[in-house]
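Q: Those sequence lines, one after another, are chains A and U. Read left to right, the first sequence gives residues 90 to 353 (my numbering). Read left to right, the second sequence gives residues 6 to 248 (my numbering).
In short, the hints are calculated from the structure, not lab data. Using N, Cα and C, we set each Cβ at its ideal position, and we do this for glycine too. Careful: at least some of the hints might be erroneous.
Said to hold, decoys possible - Calculated lysine to aspartate or glutamate pairs in the EDC-like style (CA-CA distance at most 16 Å, straight line):
(1) K86/U - D221/A
(2) K232/A - D78/U
(3) K241/U - E229/U
(4) K270/A - E177/A
(5) K112/U - E134/A
(6) K127/A - E79/U
(7) K184/U - D207/U
(8) K127/A - D78/U
(9) K270/A - E175/A
To be verified - Non-contacting residues of chain U with respect to chain A, defined by C-beta distances greater than 12 Å in every case (computed):
(10) R43
(11) I127
(12) S149
(13) M152
(14) I193
(15) K241
(16) E242
What the hints assert, rightly or not - Coverage of chain A stretches by chain U, computed from C-beta distances (three or more under 8 Å per stretch; other residues unrestricted):
(17) 213-224
(18) 227-236
Each chain, written out:
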Amino acid sequence: MNDTSHRDFLPNQPVREIFNEIGAIAAFSVLVSKQIFKRPAELPEFLRQSYTLGYKALPLVLITGFILGMVLTIQMRPLLVDFGAESELPGLVTISIVREIGPVIIALICAGKIASGIGAELGSMRVTEQIDAMEVSGTNPMKFLVATRVLSTTFMVPLLVIVADFISLIGSYTAMNIHSKISLSLYLSLSFDDLTFLDVIPATIKTVVFGFIIGIVGSYKGYHAERGTESVGFAANSAVVTASLAIFVIDLLAVQITDLISIL
Amino acid sequence: MEKLIEIQDLQKSFTGRDVLKGIDLTLNRGENVVLLGRSGIGKTVLIKCIVGLILPDSGIIRVFGENIEDLNDEGLNTLRKKVGFLFQGGAVYDSMTVRENLEFPIKRNLKIKKNKDEIDNIVHKALENVGLLDAIDKMPSELSGGMRKRVGLARTLILNPEIILYDEPTTGLDPITSKEIIELILEIQKKYNTSSIIITHDIHCIRSTANHILLIKNGIIYAEGTLSEFMESKDKEIKSYFS
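Kindly produce the complete structure, drawing on both the sequences and the hints.
A: Spelled out as structure tokens, the structure:
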């Protein structure tokens with residue numbers, strides 16, 4: 090009898106495709122990372138992309154951050170009041186936002202706005218042969234189009250998260266004042282009392298990785314869009330889904346690493 | 006005659022489908038070679054191989070005597086400055102104005118970044134050549150299909166290429182605009198002494214521009230000759246393009 094039982098354990102086609110995709114994105118990341126350090130620096134394009142991708146996402150991030158802080162405070166307050174620990178609310182909200190909720194929610198918003206935007210833009214450029222035209226005119230599109238965008242998201246997403254964290258605290262302060270009067274200085278003092286470097290540094294490093302991934306996934310999907318206008322929409326959609334999933338996976342890994350560091 | 010492009014036994018396949026099965030092509034200086042063939046037969050693949058946008062599976066491509074497979078990125082970029090490429094839809098950069106589209110290759114290739122007046126002069130001259138000086142500050146979205154192709158052509162001409170590869174320059178255009186584009190191609194050839202490979206199905210374009218015609222069928226050169234030889238041919242396949 091032929092032993093074919095092992096075939097049952099081989100990953101089926103969709104699973105294999107997922108691993109192929111992960112491998113392709115990893116290889117693409119290496120290529121792009123090499124381009125980042127190559128000359129010319131493409132500073133004007135980097136600044137233009139930082140403005141387009143970062144600054145233009147600011148209003149959305151500010152609104153989300155403010156609402157996030159308010160909602161978190163309103164939801165947590167009754168529970169803490171029951172335990173007579175209302176004074177712990179600012180600290181608890183701040184740690185939740187800085188450590189986890191701020192980076193993840195803002196990264197997800199950036200995945201929705203920025204990764205899809207990059208995916209659609211590069212996808213459209215691929216389909217209309219603009220990327221080929223750029224290459225033919227002696228410009229390296231991987232450097233000019235991709236590396237600048239990836240570098241911009243890597244810089245801008247952490248900045249957006251930091252801004253959103255502060256706005257969340259203002260939202261939280263506003264929500265606190267709905268039920269009880271508390272001065273801003275006291276609120277901030279209570280907020281930052283329990284905050285340590287171990288809360289801030291890993292969370293900030295995590296956002297740098299989120300930014301890189303958002304740029305890479307958006308660029309990869311757009312750059313490799315197949316022919317036809319349909320693929321532009323697919324690239325944008327796929328960029329959001331893949332980037333969002335990657336954010337959760339990286340977050341899980343980051344939490345594990347931070348946990349290990351705190352034990353040591 | 007000086008051979009500008011020489012292709013020998015070029016083969017290319019995509020996911021198991023053989024597109025080009027051994028193409029031989031020569032472009033001499035001052036010559037216009039027209040590529041004929043049904044859609045999807047690999048004509049665009051062939052001209053993209055010439056500028057290194059697509060890597061062939063096998064075969065030799067020599068441009069200005071240099072085997073493109075032996076060139077590094079820098080060498081390929083130097084070569085590309087001498088070979089212009091007009092894409093099917095013009096491939097005008099959507100996020101830039103017409104002026105910025107034309108400035109882009111200059112700023113990145115001619116090393117005259119700081120001299121704004123000089124760049125302006127080159128851009129104005131290129132747009133004058135294609136009759137689009139009025140559209141200099143327009144965005145591509147404000148232009149018609151024909152205008153976009155002309156902007157694409159102006160951008161191609163801005164680096165003074167010796168060879169121009171045209172991918173269906175008149176497809177999708179009305180007869181008047183097509184005629185204008187054909188006249189432009191001839192004018193450019195006369196003015197700049199360029200040599201061209203033109204992919205087209207447009208009989209007027211073939212009649213006006215072709216010195217030499219190649220018909221691709223099933224991945225090989227099915228027929229090759231001058232315009233008069235093709236016009237007089239009794240072959241059904243050839244006749245179908247000229248009826």
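Q: Does each hint hold? Answer for all of them.
A: Going down the list of hints, with the structure as the test:
1. Of the pairs offered as hints, the one joining K86/U and D221/A holds, with about 14 Å between alpha carbons and a cut-off of 16 Å not exceeded.
2. Distance hint between K232/A and D78/U is fulfilled; the C-alpha atoms sit about 13 Å from each other, no more than 16 Å.
3. Restraint check for K241/U and E229/U: the C-alpha separation of about 14 Å stays at or below 16 Å, so the hint holds.
4. A threshold of 16 Å between alpha carbons decides the hint, and for K270/A with E177/A the separation of about 15 Å falls inside it, so the pair holds.
5. For the hint pairing K112/U with E134/A, the CA-to-CA distance comes to about 13 Å; that is within 16 Å, so the pair holds.
6. Of the supplied pair hints, the one linking K127/A and E79/U holds, its CA atoms being roughly 13 Å apart against a limit of 16 Å.
7. For the hint linking K184/U to D207/U, the alpha-carbon distance of about 10 Å falls within 16 Å, and the restraint holds.
8. For the proposed pair K127/A and D78/U, the alpha carbon gap of about 13 Å is at most 16 Å, so the pair holds.
9. Restraint check for K270/A and E175/A: satisfied, since their Cα atoms lie roughly 12 Å apart, inside the 16 Å limit.
10. Once the 12 Å rule is applied to beta carbons, R43/U is consistent with being away from chain A; the minimum gap is 17 Å.
11. No Cβ of chain A approaches the Cβ of I127/U within 12 Å, the least distance being about 14 Å, so the stated non-interface status holds.
12. Residue placement check: S149/U keeps its beta carbon more than 12 Å from all beta carbons of chain A (closest about 15 Å).
13. Distance check for M152/U against chain A: the nearest CB is about 15 Å away, which clears 12 Å, and the non-interface claim stands.
14. Look at I193/U: its CB is around 17 Å from the nearest CB on chain A, clear of 12 Å, so calling it non-interface holds up.
15. For K241/U, the condition that its CB be more than 12 Å from all CB atoms of chain A holds, with the nearest at approximately 31 Å.
16. At roughly 27 Å from the closest C-beta of chain A, the C-beta of E242/U stays outside 12 Å, upholding its exclusion from the interface.
17. Under the rule that three or more residues need a Cβ within less than 8 Å of chain U, the assignment of the segment 213-224 of chain A holds, with 9 such residues.
18. Under a criterion of three residues with beta carbons nearer than 8 Å to beta carbons of chain U, the stated coverage of the segment 227-236 of chain A is upheld, 3 such residues being counted.
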